[in-house]
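K.L.:
The residues making up each chain are set out below.
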Amino acid sequence: MSRRYPPLAHHFLSLGQQYSAAKLGMWLFLAQEVLFFSGLFMAYAAFRYFYPETFLAAHEHLNVTLGATNTIVLLTSSLTMALAVRAAQLGQNKQLLINLALTFLFATTFLVIKYFEYSHKIHLGLLPGKFYSAHEHIPGQPALFFGLYFVMTGLHGLHVLVGMGVIAWIFIRGLNREFGPEYNTPVEIVGLYWHLVDVIWIFLFPLLYLVK
Amino acid sequence: MNYLTAKKGFKSWLFTLDHKRIGLMYLVAVLSFFFLGGVFALLVRAELWTPAGDMFTADMYNKFFTLHGAIMVFLFIIPSVPASLGNFLIPLMIGAKDVAFPRLNLLSWYIYVLGALFFFYTLLFGSLDTGWTFYTPYSSQTGTSVISATLGAFILGFSSILTGVNFIVTIHKMRAPGLTWGRLPLLIWALYATAVIQVLATPVLAITLLLLVVERAFGIGFFDSTIGGDPVLFQHFFWFYSHPAVYIMILPGFGIISELITVHARKRIFGYNAIAASSVAIAVIGFLVWGHHMFVSGQSSFASMVFSFLTFAVAVPTAIKVFSWVATLYRGSIAFTAPMLYALAFIFLFSIGGLTGIFLGAIAVDVHLHDTYFVVAHFHYVMMGGTVIAFIGGIHHWWPKLFGRMYNEGWARLGCFLIFIGFNLTFFSQFVMGSRGMPRRYHSYVPEYAIWHQLSTIGSLVLGLGLVLTLVYLLHSLFWGKRAPHNPWGGESLEWQAATPPIEFNFTKQPVVTSGPYDFPEIEQDRS
Amino acid sequence: MLGLGSFWLPVDASSTTQYVDHLFNFIFLLCTLFFILIVFVTVLFAFKYRRKSASQRTSPISGNHKLELIWSVIPGVLLVIIFAWGFRDYMSLRVPPRDALEIRVTGVKWAWSFTYPVDGIVTTDLVVPEGRPVKLIMVSQDVLHSFFVPAFRIKQDVVPHRYSVVWFEATKTGNYNIFCTEYCGTGHSQMLSQVKVLSGSDYQDWIDRGGEEAGSAGRSSVDVGKHLYKKQACYTCHSIDGTSGVGPTFQGLYGSKEKLESGDEILVDDNFIRKSIIDPGADVTEGFPPVMPTYKGRLNDKQITALIDYLKSIGTDKVKN
Amino acid sequence: MESQSEHAEQHIAPLRMYLIIFGALLFLTYITVQVSVWNLGTVGLAVALVVAAIKAFLVASYFMHLKDDTWFNIMLFVGSIVFMILFFGLTLLDLGTRGRLNIEEGTFYYQQEKAWSEKQKE
Chain G
0 MSRRYPPLAH
10 HFLSLGQQYS
20 AAKLGMWLFL
30 AQEVLFFSGL
40 FMAYAAFRYF
50 YPETFLAAHE
60 HLNVTLGATN
70 TIVLLTSSLT
80 MALAVRAAQL
90 GQNKQLLINL
100 ALTFLFATTF
110 LVIKYFEYSH
120 KIHLGLLPGK
130 FYSAHEHIPG
140 QPALFFGLYF
150 VMTGLHGLHV
160 LVGMGVIAWI
170 FIRGLNREFG
180 PEYNTPVEIV
190 GLYWHLVDVI
200 WIFLFPLLYL
210 VK
Chain E
0 MNYLTAKKGF
10 KSWLFTLDHK
20 RIGLMYLVAV
30 LSFFFLGGVF
40 ALLVRAELWT
50 PAGDMFTADM
60 YNKFFTLHGA
70 IMVFLFIIPS
80 VPASLGNFLI
90 PLMIGAKDVA
100 FPRLNLLSWY
110 IYVLGALFFF
120 YTLLFGSLDT
130 GWTFYTPYSS
140 QTGTSVISAT
150 LGAFILGFSS
160 ILTGVNFIVT
170 IHKMRAPGLT
180 WGRLPLLIWA
190 LYATAVIQVL
200 ATPVLAITLL
210 LLVVERAFGI
220 GFFDSTIGGD
230 PVLFQHFFWF
240 YSHPAVYIMI
250 LPGFGIISEL
260 ITVHARKRIF
270 GYNAIAASSV
280 AIAVIGFLVW
290 GHHMFVSGQS
300 SFASMVFSFL
310 TFAVAVPTAI
320 KVFSWVATLY
330 RGSIAFTAPM
340 LYALAFIFLF
350 SIGGLTGIFL
360 GAIAVDVHLH
370 DTYFVVAHFH
380 YVMMGGTVIA
390 FIGGIHHWWP
400 KLFGRMYNEG
410 WARLGCFLIF
420 IGFNLTFFSQ
430 FVMGSRGMPR
440 RYHSYVPEYA
450 IWHQLSTIGS
460 LVLGLGLVLT
470 LVYLLHSLFW
480 GKRAPHNPWG
490 GESLEWQAAT
500 PPIEFNFTKQ
510 PVVTSGPYDF
520 PEIEQDRS
Chain L
0 MLGLGSFWLP
10 VDASSTTQYV
20 DHLFNFIFLL
30 CTLFFILIVF
40 VTVLFAFKYR
50 RKSASQRTSP
60 ISGNHKLELI
70 WSVIPGVLLV
80 IIFAWGFRDY
90 MSLRVPPRDA
100 LEIRVTGVKW
110 AWSFTYPVDG
120 IVTTDLVVPE
130 GRPVKLIMVS
140 QDVLHSFFVP
150 AFRIKQDVVP
160 HRYSVVWFEA
170 TKTGNYNIFC
180 TEYCGTGHSQ
190 MLSQVKVLSG
200 SDYQDWIDRG
210 GEEAGSAGRS
220 SVDVGKHLYK
230 KQACYTCHSI
240 DGTSGVGPTF
250 QGLYGSKEKL
260 ESGDEILVDD
270 NFIRKSIIDP
280 GADVTEGFPP
290 VMPTYKGRLN
300 DKQITALIDY
310 LKSIGTDKVK
320 N
Chain F
0 MESQSEHAEQ
10 HIAPLRMYLI
20 IFGALLFLTY
30 ITVQVSVWNL
40 GTVGLAVALV
50 VAAIKAFLVA
60 SYFMHLKDDT
70 WFNIMLFVGS
80 IVFMILFFGL
90 TLLDLGTRGR
100 LNIEEGTFYY
110 QQEKAWSEKQ
120 KE
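Protein chains in written order, with numbering that gives the first Met the number 0: chain G, 0 to 211; chain E, 0 to 527; chain L, 0 to 320; chain F, 0 to 121.
In case anyone wonders, no lab produced these hints; they're calculated from the structure.
Don't take every hint at face value.
[Unchecked claim] With beta-carbon atoms standing in for the labels, derived distance ranges:
#, chain 1, residue 1, chain 2, residue 2, range
1, L, Val76, E, Pro176, 43 to 53 Å
2, E, Trp48, G, Leu110, 56 to 66 Å
3, L, Gly62, G, Asn175, 55 to 65 Å
4, E, Phe119, L, Leu68, 48 to 58 Å
5, E, Tyr109, L, Lys274, 50 to 60 Å
6, L, Glu285, E, His475, 53 to 63 Å
7, E, Leu113, G, Ile171, 20 to 30 Å
8, L, Pro59, E, Ala276, 16 to 26 Å
9, L, Ser5, E, Gln524, 49 to 59 Å
10, G, His136, E, Leu13, 22 to 32 Å
11, F, Ile84, E, Val471, 44 to 54 Å
12, L, Leu68, E, Gln453, 21 to 31 Å
13, E, Pro176, G, Glu181, 18 to 28 Å
[What the hints assert, rightly or not] Pairs of lysine to any residue residues, derived as SDA-like cross-links and limited to a Cα-Cα distance of at most 25 Å, are as follows:
#, chain 1, residue 1, chain 2, residue 2
14, L, Lys51, E, Phe519
15, G, Lys113, F, Ser35
16, G, Lys93, F, Ile80
17, L, Lys230, E, Val445
18, L, Lys47, E, Phe519
19, L, Lys225, E, Pro446
20, L, Lys195, E, Pro176
21, L, Lys65, E, Glu523
22, G, Lys129, L, Pro289
23, G, Lys113, F, Leu27
24, L, Lys295, E, Thr225
25, L, Lys230, L, Arg297
26, L, Lys134, L, Gly209
27, L, Lys47, E, Pro520
28, G, Lys113, E, Phe217
29, L, Lys230, E, Arg439
30, L, Lys274, L, Asn299
31, L, Lys225, E, Ala51
32, L, Lys229, E, Phe217
33, F, Lys66, G, Leu89
34, L, Lys225, E, Val445
35, E, Lys96, F, Phe71
36, L, Lys47, E, Arg330
37, G, Lys120, E, Ala216
Positions of the beta carbon are idealized from the N, C-alpha and C atoms, including for glycine.
Between the sequences and the hints, there should be enough to build the whole structure, so can you do that?
P.N.:
Structure below.
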């Protein structure tokens with residue numbers, strides 16, 4: 000059991016109350032994230048309705064294999080995160096650290112693949128808004144499609160970055176053996192956040208890459 | 000040793016985790032922004048004294064009414080009741096030591112301060128002239144500093160979300176033993192419904208403002224039709240947040256009024272379940288009605304029909320509340336203390352506000368009345384006549400609990416009278432000129448409306464005087480006011496069991512609840 | 000001119016007002032009734048049950064399901080009636096009759112302009128015949144505007160890149176105000192025009208005269224130019240007394256040399272003015288934002304020459320003093 | 000004072016369950032990619048969304064333990080999705096029916112739809 004952090008905050012009556020309060024608070028935060036990204040999906044739906052031909056023509060320039068690998072990378076990171084949470088609940092600290100490290104690794108691979116995709120697009124000039132300078136003709140409003148593409152994947156990437164920071168923080172706390180069966184709320188909270196980031200990508204991938 | 004004197008020094012306030020101190024800091028900040036917004040309102044009214052736009056240039060006037068709107072909405076009225084009174088009272092009313100996440104509470108305060116700094120930056124550099132609604136394509140083309148203002152509102156949104164999360168978890172998980180949902184004071188029900196809206200609606204504002212910033216910075220045409228977007232789509236995004244936001248503003252006011260009327264009439268509330276359920280019903284249906292802001296903006300007639308019907312659906316629970324408050328007065332023992340005067344003023348003013356909403360809900364009449372001063376008067380009657388009057392009433396009701404001092408009853412009655420007269424003079428004249436076709440946000444106008452504008456300007460001066468008078472005697476009572484007795488109004492809810500003003504951790508021992516919040520000794524035993 | 004139909008509503012000058020006024024009065028009646036009921040009962044209870052002694056007993060009543068049901072159902076039914084009535088009238092406001100006279104409206108930053116497609120007339124005031132339905136097809140050239148005629152109870156946002164339609168049938172001759180009710184920037188409150196309703200014969204004469212005001216044949220070109228300077232909202236950006244504005248001042252402009260954004264100098268002569276009116280973005284004077292909207296199709300040649308003469312008249316004054 | 004471990008929601012799922020769910024997720028990803036290859040036209044979008052929804056359901060109920068969580072947390076997550084759908088539904092209701100009522104006005108969207116449907120025919 001940990002020495003540095005007192006597990007029970009002074010204003011809670013019991014650990015159970017603190018645990019379920021933290022879980023409820025996290026689920027509220029996830030509900031807010033769902034609504035936050037719903038704005039982007041709404042914009043996607045609206046502009047797909049306005050300019051169907053742009054979405055069809057422009058998505059050819061998105062690399063489906065890279066997108067698919069990214070999906071698999073994120074799914075595996077979701078698995079390792081779930082195993083990390085399970086390890087914390089069982090008190091297997093070594094397993095916890097390994098799984099956290101794996102999740103962190105997969106997250107970095109995801110961002111690296113994203114980097115390649117972005118640089119490929121920048122090279123081709125398929126940039127959002129007024130920076131759009133691609134030579135081959137895409138009907139309708141291609142600058143709008145790529146604007147949407149960069150905002151959606153960029154914002155998602157930002158959430159992946161935040162997730163990596165938080166996983167690292169948990170990893171450090173795991174190093175001095177803070178988590179065990181009695182107290183593992185932070186690990187579970189971070190796990191919930193990471194799974195939501197994965198769920199958002201699960202919807203982003205088909206909508207952006209596999210438009211048909 | 001109450002929470003004010005428990006710790007001393009500047010740092011004890013800046014890094015406090017005590018929900019009461021954070022509530023006080025919010026109260027001070029929120030009221031100062033209220034007066035700043037009020038100054039802009041008086042500048043707008045001063046300009047409109049004469050038909051010709053001769054006091055300020057059109058650009059200056061546009062900046063004044065925009066800043067009046069933006070400061071009042073984002074910096075004052077959204078955080079007003081939940082963040083100040085809500086922060087202070089929720090743990091006290093449910094018998095808890097503190098909110099569920101005290102550090103998150105302090106973080107929300109500092110996010111609020113950061114958002115306010117962005118607004119100060121906007122104020123000083125280029126100001127803002129898009130109206131508080133940021134309608135595109137004007138807001139994506141104008142030269143004023145729209146990006147810093149939208150980022151300010153974006154950040155303030157997160158303070159609102161985190162406060163909402165904090166309140167929902169606190170009310171769910173930290174109620175005293177025996178305090179079932181049916182025994183909660185109605186202010187808690189109202190703040191719970193408000194918190195649900197804050198959590199579910201504000202993120203859509205955040206994404207809307209983010210898309211606006213991205214549109215201005217990178218020229219991506221989401222909402223600017225010259226480059227492919229659709230301005231009406233922006234209005235959908237904006238109003239999906241902003242209509243639930245008006246329920247964030249009014250629901251806490253409803254909660255306060257339920258508390259004031261029951262305590263000062265010494266009666267159980269009439270129809271507890273109906274009022275609690277209508278708070279939640281308003282919160283949910285409030286998400287379906289945003290299209291009534293866009294009846295003439297090019298929205299399809301079919302969608303307008305659906306939105307008009309749902310708007311009338313949300314009017315029914317509001318009507319139930321007002322009727323229940325009036326019924327609560329029946330065979331009560333009504334004391335005309337300042338809080339009760341404000342509650343009665345609320346019923347008068349909010350009824351006008353609510354009923355004029357029906358004019359604007361019927362599409363045919365809205366075609367004539369949309370974007371005229373009729374709409375300006377409607378939402379001022381509901382927001383100022385509703386939320387602000389309830390907020391001032393709540394401040395008077397819990398003033399002894401906050402500071403351990405009693406305000407001067409005589410001055411308070413004068414203040415309430417002045418505010419009531421000034422308010423009606425200011426805004427009822429706007430109803431008249433609005434239905435006669437006076438458009439809103441006009442720097443100069445056709446001379447036929449001059450008499451009504453002059454009446455409204457006089458009214459705004461009286462209203463300003465009443466508000467300043469209220470501030471003066473409240474501040475005066477802080478130092479020279481009489482010491483407050485433990486329970487001046489004889490309230491029965493948990494916060495009156497704690498000391499006045501409460502100790503740092505609210506209760507010496509965990510209170511246990513055995514009965515409802517409004518079982519006053521004066522109530523005769525139930526003969527049935 | 001804004002007469003009054005009733006205390007609350009402006010003059011009733013079109014057949015479309017019936018779709019708004021009846022419902023307005025019905026709702027007004029209903030709301031006053033409910034309001035008086037609420038206030039009367041509140042004042043009655045407040046007075047009757049005021050606290051006479053500290054130990055005054057109060058009733059244990061905490062609800063009455065029958066009463067609560069009544070005051071939920073009755074408002075609900077009334078509201079549904081209002082909704083249905085409101086939507087029915089809205090549809091008649093929204094769908095114009097087939098044989099309506101079509102006029103195109105263009106909203107541009109701070110002026111309305113009306114084009115009569117059949118007769119090729121372009122004016123800044125809407126001239127319409129009495130007793131005949133008129134359908135306005137409206138589009139904006141820059142930001143959102145909103146076409147509002149209080150006397151006809153009609154309002155419709157004017158959106159860029161989209162046509163929006165509003166219709167009316169004037170029943171009384173006279174001039175009625177046109178307002179812009181969607182905030183559109185500095186000149187939002189100066190975006191005023193008039194609807195001039197003429198009797199059938201006068202309207203026909205007006206059309207035959209090619210859209211000139213009655214008795215304007217004798218007016219000098221400079222006067223017509225001065226009138227256009229006001230009507231076409233040039234004054235919102237260009238001053239004539241030297242004060243700086245959004246655009247360069249007209250005082251002493253004609254015949255002077257102007258330094259352009261592109262660096263080279265140009266003599267301000269008839270061609271430059273004509274080109275700046277038709278295609279303002281082509282050569283922008285240095286130090287001024289390129290925000291002037293094009294007047295192509297809104298000013299015919301006669302009107303452009305009138306404006307040039309007017310600029311010449313201002314130009315010479317400066318040379319004198 | 001019940002400590003956190005005896006807390007009702009805390010039972011630990013066997014390792015096998017995680018691997019099965021992971022396998023299902025990979026298979027469903029494969030299906031989504033195949034769907035775009037088969038080019039089913041507009042039906043493809045619906046199928047892709049349904050498959051994504053199933054994957055999201057799997058992650059939410061098993062990895063995020065929503066299955067054995069308090070009913071309020073479940074209602075919260077489902078509620079946020081319901082509000083999202085409300086937002087989509089009513090806004091698309093407006094976008095979708097704009098062209099229909101004012102056919103003869105030749106609105107921008109109507110022209111878009113006409114141009115788009117003609118292109119489909121060739």
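K.L.:
All hints, please: hold or fail.
P.N.:
Each hint, compared with the structure:
no. : hint                            : in the structure
1   : L:Val76 - E:Pro176: 43 to 53 Å  : 44 Å, holds
2   : E:Trp48 - G:Leu110: 56 to 66 Å  : 60 Å, holds
3   : L:Gly62 - G:Asn175: 55 to 65 Å  : 58 Å, holds
4   : E:Phe119 - L:Leu68: 48 to 58 Å  : 52 Å, holds
5   : E:Tyr109 - L:Lys274: 50 to 60 Å : 57 Å, holds
6   : L:Glu285 - E:His475: 53 to 63 Å : 60 Å, holds
7   : E:Leu113 - G:Ile171: 20 to 30 Å : 27 Å, holds
8   : L:Pro59 - E:Ala276: 16 to 26 Å  : 22 Å, holds
9   : L:Ser5 - E:Gln524: 49 to 59 Å   : 55 Å, holds
10  : G:His136 - E:Leu13: 22 to 32 Å  : 59 Å, violated
11  : F:Ile84 - E:Val471: 44 to 54 Å  : 51 Å, holds
12  : L:Leu68 - E:Gln453: 21 to 31 Å  : 47 Å, violated
13  : E:Pro176 - G:Glu181: 18 to 28 Å : 24 Å, holds
14  : L:Lys51 - E:Phe519              : 17 Å, holds
15  : G:Lys113 - F:Ser35              : 21 Å, holds
16  : G:Lys93 - F:Ile80               : 37 Å, violated
17  : L:Lys230 - E:Val445             : 16 Å, holds
18  : L:Lys47 - E:Phe519              : 20 Å, holds
19  : L:Lys225 - E:Pro446             : 24 Å, holds
20  : L:Lys195 - E:Pro176             : 74 Å, violated
21  : L:Lys65 - E:Glu523              : 22 Å, holds
22  : G:Lys129 - L:Pro289             : 18 Å, holds
23  : G:Lys113 - F:Leu27              : 22 Å, holds
24  : L:Lys295 - E:Thr225             : 19 Å, holds
25  : L:Lys230 - L:Arg297             : 12 Å, holds
26  : L:Lys134 - L:Gly209             : 20 Å, holds
27  : L:Lys47 - E:Pro520              : 21 Å, holds
28  : G:Lys113 - E:Phe217             : 20 Å, holds
29  : L:Lys230 - E:Arg439             : 23 Å, holds
30  : L:Lys274 - L:Asn299             : 13 Å, holds
31  : L:Lys225 - E:Ala51              : 21 Å, holds
32  : L:Lys229 - E:Phe217             : 38 Å, violated
33  : F:Lys66 - G:Leu89               : 19 Å, holds
34  : L:Lys225 - E:Val445             : 22 Å, holds
35  : E:Lys96 - F:Phe71               : 24 Å, holds
36  : L:Lys47 - E:Arg330              : 8 Å, holds
37  : G:Lys120 - E:Ala216             : 19 Å, holds
Checked against the numbered hints above, the structure violates hints 10, 12, 16, 20 and 32; every other hint is satisfied.
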